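Colleague: For the record, the sequence lines run as chains A and B. Sequential numbering of the first sequence, starting at 1, is according to the working numbering. Sequential numbering of the second sequence, starting at 1, is according to the working numbering.
Hint data in this document are derived by calculation from the structure and do not stem from the laboratory. Keep in mind the model is a prediction, meaning the values are calculated, not measured. Idealized CB from N, CA, C, for every residue including glycine. Mixed in with the good hints there might be a few duds.
Stated by the list, open to error - Result set (DSSO-like, lysine-lysine): computed pairs, CA atoms no more than 30 Å apart in a straight line:
| id | chain 1 | residue 1 | chain 2 | residue 2 |
| --- | --- | --- | --- | --- |
| 1 | A | 85 | A | 344 |
| 2 | A | 344 | B | 34 |
| 3 | B | 72 | A | 346 |
| 4 | A | 85 | B | 9 |
| 5 | A | 344 | B | 40 |
| 6 | A | 281 | A | 85 |
| 7 | A | 394 | A | 281 |
| 8 | B | 72 | B | 60 |
| 9 | A | 346 | A | 394 |
| 10 | A | 394 | A | 85 |
| 11 | A | 233 | B | 9 |
| 12 | B | 72 | A | 281 |
| 13 | A | 394 | B | 40 |
| 14 | A | 281 | A | 458 |
As the list claims (entries may be wrong) - One side of the interface only, derived from the structure: several residues of chain B facing chain A at Cβ under 7 Å:
| id | residue |
| --- | --- |
| 15 | 11 |
| 16 | 41 |
| 17 | 45 |
| 18 | 47 |
| 19 | 55 |
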Amino acid sequence: MMLKRPTSAGWAVLAIGVLCAVGFVDAALAQTAAPAAPAATDAAAAAAPVPNKGDTAWMLVSSALVLMMSLPGLALFYGGLVRTKNMASILTQVFAIVSMVGVIWTLYGYSLAFSDGGSMTPWIGGLSKAFMHGIDANSTAATFSNGVVIPELAYFVFQMTFAMITPALIVGAFAERIKFSAVMVFILLWVTVIYFPIAHWVWYVAAPDDVANAAKALAAAADGAAKTAAQAKLDEVTGAVGWLAGAGALDFAGGTVVHINAGIAGLVGALIIGNRTGYGKDLMAPHSLTMTMIGASLLWVGWFGFNAGSNLEANGTTALAFVNTMVATAGAALSWLLSEWVVKGKPSLLGICSGAVAGLVAVTPASGFAGPIGALVLGLVVSPVCLFFVSTVKNALGYDDALDVFGVHCIGGIIGALGTGILVNPALGGVGITDYTNITGNNAGTYDLVTQMIAQGKAVGATLIWSGVGSAILYKLVDLVIGLRPSVEEEREGLDITEHGERAYNI
Amino acid sequence: MKIVMAIIKPFKLDEVRDALTAIGVHGLTVTEVKGYGRQKGHTEVYRGAEYAVNFLPKIKIEVAVVQGDVDKTVDAITATAKTGQIGDGKIFVIPLDQAVRIRTGESDGAAL
Chain A
1 MMLKRPTSAG WAVLAIGVLC AVGFVDAALA QTAAPAAPAA TDAAAAAAPV
51 PNKGDTAWML VSSALVLMMS LPGLALFYGG LVRTKNMASI LTQVFAIVSM
101 VGVIWTLYGY SLAFSDGGSM TPWIGGLSKA FMHGIDANST AATFSNGVVI
151 PELAYFVFQM TFAMITPALI VGAFAERIKF SAVMVFILLW VTVIYFPIAH
201 WVWYVAAPDD VANAAKALAA AADGAAKTAA QAKLDEVTGA VGWLAGAGAL
251 DFAGGTVVHI NAGIAGLVGA LIIGNRTGYG KDLMAPHSLT MTMIGASLLW
301 VGWFGFNAGS NLEANGTTAL AFVNTMVATA GAALSWLLSE WVVKGKPSLL
351 GICSGAVAGL VAVTPASGFA GPIGALVLGL VVSPVCLFFV STVKNALGYD
401 DALDVFGVHC IGGIIGALGT GILVNPALGG VGITDYTNIT GNNAGTYDLV
451 TQMIAQGKAV GATLIWSGVG SAILYKLVDL VIGLRPSVEE EREGLDITEH
501 GERAYNI
Chain B
1 MKIVMAIIKP FKLDEVRDAL TAIGVHGLTV TEVKGYGRQK GHTEVYRGAE
51 YAVNFLPKIK IEVAVVQGDV DKTVDAITAT AKTGQIGDGK IFVIPLDQAV
101 RIRTGESDGA AL
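Excised from the complex, chain A in its bound form (with noise of 0.2 Å):
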């Protein structure tokens, strides 16, 4: 038998299939080991808390939930919007993103966003969890209650399925005009350098119950050098946190990490690599509103996983989280059907479905923290600013956000997070602040609506400025190693048959 030389390919193969047999020897290697230990080492803490099944019946069912927004909810949402020609090549290209970072996470990312990076630690995590070294089935991750974890397992595919979906949105932007082998290349690149570090800074957070613990021993300090001691590691405890997080900017699930973050890559993706040919002259209507009509209902259905799956447990903030997102977008979806049908004349199946999810989006970073009420008027508010940046604003600028990335995504995700900031403020029923050190005041903080505007704005500017910078230079690596865009003739043939080698309809 002739065995041939691999090819290029088949050496990335190979090098991918070598270091997922290192990782899993490592891991079972691992499996053994105890893992580092828990900062809760006096008799307070006595027995360690264990998962409750209802609660890790819930996470998991929220990853999934999530995942289904990638596939085939997202999707689809942007492949009705696209020509014929191209359908495949947006299908191919979410598919392609979800599975690739399905893969990172694992191997890097998880550890990158979720572990402690020791001195780096309010920027970025370290390698500890690489290869998902330590983790098993007994591994316990915190949530936001004191006493109550989760399987840690279900916290790592929970946030791998956030990780999955937010590069997949970058695409929509450069939609029709972009090379499969450079989305590849850039999104690897992307979730390295700027989504892992956002999530880290902003979810990366101290355990209810390391807090507490701490705050305990300073409270039982009996003098001065024991109340130092305690107190520092209190600071320790309390500062060993992302950036973010430790400025108490609050986006409960992921208004800046997810949306605000892919929302300005995909504008700038867009202002680099130019309109589509033909834009402004030739047709580019959608194919099929069917499609992304069916992709938005699914957005819709599986953002209860996203919003109040980031819970990390099953109460009534959970609930809370999930009637929000319900309430939010039905508000804003029928704001953008009442704002589109006053100003253009006639209410859109395109307009609705846009207006539900610039609602979903607004009410991310929101739906754990704001009332009902309030997420309503969230809802209302997002759809005419966004249809007017996805029309008035686009038109004006020239550029070519093929599928709105920018003025849904970005646009919403700020409005969102800046309203978290006054929504949050319990006179407006939302939950209001909440200060793990309070042990005796039920966890009670204070809110100041000056210094969370202050915070929410450092964690929208922090985004823009790493994404939009950081992106465009990974932007311009790839073009000149790779090049971005394919050929006019590649173009206007259609990625379908020039970077895929099929059809997405053979009728």
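Since the structure of chain A is provided, determine the placement of chain B on it from the hints.
Modeller: Frame of chain A, contents of chain B only:
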């Protein structure tokens, strides 16, 4: 022989077909086409993108007839396809050199 080619409004197809059958025309070819004459198109708006769609969907009928049947064919189509509104369509009569029935090999008048 002639080919009578008619561009008509799509919903008129069944009426025209029945009228042609009634006058003894037993075969025709139908194509879905787009076109415009004096009838204006419409505007489609997708979020911020506005497209003026000038082509309207029509049906094209092609019937091969012997010279003697041309007039009654044209009359039948005109009578049934007409609505009185702009966009009713047009009929073109085009010379036909040869016709063959593939199954039997009959040609010209016997083939129609």
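Colleague: Hint by hint, say whether it matches the structure.
Modeller: Comparing the hints with the structure gives:
no.	hint	result
1	A/85 to A/344	holds (29 Å)
2	A/344 to B/34	holds (27 Å)
3	B/72 to A/346	violated (45 Å)
4	A/85 to B/9	holds (29 Å)
5	A/344 to B/40	holds (20 Å)
6	A/281 to A/85	holds (18 Å)
7	A/394 to A/281	holds (16 Å)
8	B/72 to B/60	holds (18 Å)
9	A/346 to A/394	holds (20 Å)
10	A/394 to A/85	holds (24 Å)
11	A/233 to B/9	violated (82 Å)
12	B/72 to A/281	violated (45 Å)
13	A/394 to B/40	holds (28 Å)
14	A/281 to A/458	violated (41 Å)
15	11	violated (23 Å)
16	41	violated (11 Å)
17	45	holds (6 Å)
18	47	holds (5 Å)
19	55	violated (10 Å)
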